[in-house]
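Student: Protein chains in written order, with numbering that gives the first Met the number 0: chain A, 0 to 559; chain B, 0 to 321.
Be aware that one or more of the hints could be misleading.
[Unchecked claim] A few chain A positions that, by computed beta-carbon distances, are all more than 12 angstroms from chain B: (1) Leu-48; (2) His-75; (3) Phe-135; (4) Val-186; (5) Val-249; (6) Arg-285; (7) Ala-320; (8) Ile-333; (9) Phe-376; (10) Tyr-538.
[Unchecked claim] Chain A side only, calculated, beta carbon under 7 angstroms to chain B, not exhaustive: (11) Lys-114; (12) His-189; (13) Val-216.
Quick caveat, the hints were computed from the structure, so don't treat them as lab data.
C-beta atoms are modelled at their ideal positions from N, C-alpha and C, and glycine is treated no differently.
Given next are the chains, with one letter for each unit.
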Amino acid sequence: MASPSATADVVAPRSSGSDNYLTHDKGVLSWIFTLDHKRIGVMYLCSVLTAFALGGFFALLVRTELLTPGHTIMDHDTYNQMFTLHGAIMVFLVIIPGIPAALGNIIMPLQLGAKDVAFPRMNLASYHLWIVGALFMLSSLAINAVDTGWTFYTPYSTTTSTAVVPAAFGAFILGFSSIFTGLNFIVTMHKMRPPGMNWFRLPLFCWALYSTALIQVLATPVIGITLLMMIIERTVHIGIFDPTLGGDPVLFQHFFWFYSHPAVYIMIVPAFGVIGEIIPVFSRKRIFGYKFIAISSLAIAFLGFLVWGHHMFVSGQSVLAGTIFSAITFLIAIPTAIKVFNWITTMYKGVIHLDTPMLYALAFLWVFTIGGLTGVFLAVMSVDVHLHDTYFVVAHFHYVMMGGAITAFMGGLHYWWPKFTGKMYPEKAGRIGATLVFLGLNVTFFPQFILGSRGMPRRYYNYLPEFQPLHVLSTLGAYTLGLGFLLTAFYLFKSLKNGKTAPANPWGGATLEWQCSSPPPYYNFHKAPVISAGPYDGYENLMYDEAIGGYIPRKSPSST
Amino acid sequence: MSESTSESATTAPKHGGHGAAAHAPAHGAHDAHGHGGPHLAHHFDTYQQQFDAGKLGIWLFLLTEVLFFSGLFCAYTVYRGMHPEVFVYAHYFLNTAMGAINTCVLLISSLTAAWAVRNAQLAQRKLLVLNITITILCACTFMVVKFFEYEHKFHDGLLPGPAFHPTEQVWELETFKHKHPEAAEYAEKLTKAAEAKDKAKAGPKLAADASGAAETMVFERPTEEQLEPLIKAGVIGPAAEDQTRPSRPRNAHVFFSIYFFMTGLHGIHVLGGIGVFIWLLLRANKGEFGPKYFGPIDYAALYWHLVDLIWIYLFPLLYLIH
Chain A
0 MASPSATADV VAPRSSGSDN YLTHDKGVLS WIFTLDHKRI GVMYLCSVLT AFALGGFFAL
60 LVRTELLTPG HTIMDHDTYN QMFTLHGAIM VFLVIIPGIP AALGNIIMPL QLGAKDVAFP
120 RMNLASYHLW IVGALFMLSS LAINAVDTGW TFYTPYSTTT STAVVPAAFG AFILGFSSIF
180 TGLNFIVTMH KMRPPGMNWF RLPLFCWALY STALIQVLAT PVIGITLLMM IIERTVHIGI
240 FDPTLGGDPV LFQHFFWFYS HPAVYIMIVP AFGVIGEIIP VFSRKRIFGY KFIAISSLAI
300 AFLGFLVWGH HMFVSGQSVL AGTIFSAITF LIAIPTAIKV FNWITTMYKG VIHLDTPMLY
360 ALAFLWVFTI GGLTGVFLAV MSVDVHLHDT YFVVAHFHYV MMGGAITAFM GGLHYWWPKF
420 TGKMYPEKAG RIGATLVFLG LNVTFFPQFI LGSRGMPRRY YNYLPEFQPL HVLSTLGAYT
480 LGLGFLLTAF YLFKSLKNGK TAPANPWGGA TLEWQCSSPP PYYNFHKAPV ISAGPYDGYE
540 NLMYDEAIGG YIPRKSPSST
Chain B
0 MSESTSESAT TAPKHGGHGA AAHAPAHGAH DAHGHGGPHL AHHFDTYQQQ FDAGKLGIWL
60 FLLTEVLFFS GLFCAYTVYR GMHPEVFVYA HYFLNTAMGA INTCVLLISS LTAAWAVRNA
120 QLAQRKLLVL NITITILCAC TFMVVKFFEY EHKFHDGLLP GPAFHPTEQV WELETFKHKH
180 PEAAEYAEKL TKAAEAKDKA KAGPKLAADA SGAAETMVFE RPTEEQLEPL IKAGVIGPAA
240 EDQTRPSRPR NAHVFFSIYF FMTGLHGIHV LGGIGVFIWL LLRANKGEFG PKYFGPIDYA
300 ALYWHLVDLI WIYLFPLLYL IH
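All chains, full assembly: derive it from the sequences and hints.
Tutor: Quick look at the structure:
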């Protein structure tokens, strides 16, 4: 924000060697029990990335198994466990907390100009609950790994002999972790904004996190009670979901998707927020249609609650209900398209810099558009009857979750890496990594659209020989993805030691987080910033300084 | 948010008083330490901001609580829609008097909780301590009554799932007999007739004296008062477990699943409330609360009202079924 009143602090950004949030306190305990939102965010980030590596490892095992029909490296029961663990870890441990709890925790209060989130202790509790939930979920792995798929559908989940209870209880606890983050963020954005920061001066990342937080608070309790009921059904046989005791297993599906469809937007809406930050900065152009992008996040959050039935077109739901769910699902394409069109228009006539974050953002636009539009196919009831539970669905949601959420997460990670670590990563390696991820992603998942439309069912261990070439191609893509992420992990780690010192504003961003030093001071802002302009105004007031390798405010002509 | 409604309920007379002094300093004073007072967290600028954040936070939390319970209310609705007879059958087993006592106890505790907020705002330390104590005592009373209800259910085999082995038939219950004396009598007759038939099958000798009596009973045309309550409760008719004699509806145990799940979860919330109020009692005793800083009392009271409200819904839904 090159607003004149705020630049006063920025003109002399303190060197990163002095007191900052990383060096303010020392020792492991000062991290584990910190109340600082940046440290909690960094801990979340490390944990989420660890879980990502684990989930990715399971994904590679699954893809390797699918190289040949029948037995390749594991038996069918193990295969069921592997894809369940992959799904459960990626959904509950990686994508849901990935952008909001990790990146959002670090960046959102900075962007807002606040000293911390509204409830720092609750923030820490959220992280501790995440750890407890993750341990429960992984303990299932040690006992007898759960094999129900990440959806825990009854009656299988209440009858299988695998360790469903620890996994489901883990997801229950992770739900509270997610609620705590969401509740905290809503209150923070309502009550912690400094003077001048009105709603339409909030960066789009904050808008996206706000919409996400609403979903987290409103949807997550329902999965909590559902999993609790399922656990008690399994242990005490209360007969709410078990048809042999008079229960209704479809009721579980309704409850499950009442949360889990909105949860899809918990995963993707923050990604929209990241993209909304990266594109204007790397196009050196004010964002186009700010209000439309901001409000469309809320629209998606709202509509997301009304479409859960599109997961249940073939579960015996009435045709009328199916039609209504189908129609509302189409509606979601509108706010989503508004976002994509506005991002593209932002780039139009901009000065586009193809740095790593921008490469990820561009990859996002491609991949997410494919993922989103194939979602419209699946929303058509007659088409869905054919495609339901095939690889087409697998490809669709991987294009959205992996191609959308994870790509944006990687983009955001690179974009804010210099801010919260104080180090620059090697740009060239970053670009190679982004390209590998983009290629790997498409090679992995595009063949799955073809497989699915030809009738390859999802979650199957065995398949007809004619599907093998496409499965092999998909597996090769998965290895490429793995390579891309390994490379990325390698250079990011290395940059922590050998990376160049990051300037306060390496990309020329105008939002508030680029005004404090990199890494930020312990209390974020020594003086509450006064905001007098929007978050994407004033790129022209910034100029590149070769000496520090970043952007500094241009001296106003009147003073020279 | 519906902040204004609670405000008018709990803090109306002192509105504005709590933060007036703290409101004055400008927001800009963002220096890290040594501002405000002992209870103002470092990242807030004023007591007013801290209070507002807490209030919004507790309202959101209550919203999540409502949604948490909503799954159970939904399961209740679905199951009652599918099997109304189970609910009619099972409600005769519940003790309405105990439920009503608990409702009154909770209502009183809600009043004292709301009063405590006012005491905190007016710095009436003794009254504050007294009102919190009454709230805790009421909550404990609720749990004790609940304990006796549960104990009774355990004793009578009214448990969810495979543990469901009711020791009494529904028409033998006082609650049933009182409401539908003819139906109770009729069910009794039918049972005897069925037993007689069993004996007839077992041995022809015994049958000779029993069969005559049984037949005369069965062939009397039953009145509506005799039949209606039994069919509605699934004792006889298509929903009944046993078609040869008066029994109970199939899967009657699910009512007790829902009953124990809902009241159990509610009970856990009551226990949580007791814990919170004990903590507040200790703090109130030290005189920590006053016109500037009374947020925790306010938030706890709001939570307590919700716990009360959920019970207000549970009571008619479980105890007063017709």
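Student: Compute the least Cβ-Cβ separation between Val-186 of chain A and chain B, then decide whether it is above 12 angstroms.
Tutor: Not fine: 5 angstroms to the nearest Cβ puts Val-186 of chain A too close to chain B.
Student: Minimum C-beta separation from His-75 of chain A to chain B exceeding 12 angstroms: can you confirm that?
Tutor: About 32 angstroms separates His-75 of chain A from the closest Cβ of chain B, which puts it past 12 angstroms; holds.
Student: Verify that the Cβ of Ala-320 of chain A lies farther than 12 angstroms from every Cβ atom of chain B, and report whether the claim holds or is violated.
Tutor: holds, 14 angstroms
Student: May I ask you to check that Arg-285 of chain A keeps its beta-carbon over 12 angstroms from the closest beta-carbon of chain B?
Tutor: Given that every Cβ of chain B is farther than 12 angstroms from that of Arg-285 of chain A, nearest at about 28 angstroms, it holds.
Student: Checking a non-interface call: every C-beta of chain B should be farther than 12 angstroms from the C-beta of Phe-376 of chain A. Is that right?
Tutor: holds, 31 angstroms
Student: Given Val-216 of chain A as an interface hint, is its Cβ closer than 7 angstroms to any Cβ of chain B?
Tutor: With a closest approach of 6 angstroms, the Val-216 of chain A hint holds.
Student: Far enough from chain B: is every CB of that chain over 12 angstroms from the CB of Leu-48 of chain A?
Tutor: holds, 27 angstroms
Student: Beyond 12 angstroms from every chain B Cβ: check whether that's true for Phe-135 of chain A.
Tutor: Given that every Cβ of chain B is farther than 12 angstroms from that of Phe-135 of chain A, nearest at about 19 angstroms, it holds.
Student: Taking C-beta pairs only, is Val-249 of chain A more than 12 angstroms away from all of chain B?
Tutor: Its Cβ does come within 12 angstroms of chain B, the nearest being 10 angstroms, so this is violated.
Student: Grab the minimum beta-carbon distance between Ile-333 of chain A and chain B and tell me whether it stays above 12 angstroms.
Tutor: Non-interface label on Ile-333 of chain A holds, nearest chain B Cβ at 27 angstroms vs cutoff 12 angstroms.
Student: Does His-189 of chain A meet its interface restraint, that is, does its C-beta lie within less than 7 angstroms of any C-beta in chain B?
Tutor: holds, 6 angstroms
Student: Given Lys-114 of chain A was flagged as interface, is its beta-carbon under 7 angstroms from a beta-carbon of chain B?
Tutor: Holds - the Cβ of Lys-114 of chain A comes within 7 angstroms of chain B, reaching about 4 angstroms at its closest.
Going down the numbered hints, you'll see the structure goes against 4, 5, while the others check out.
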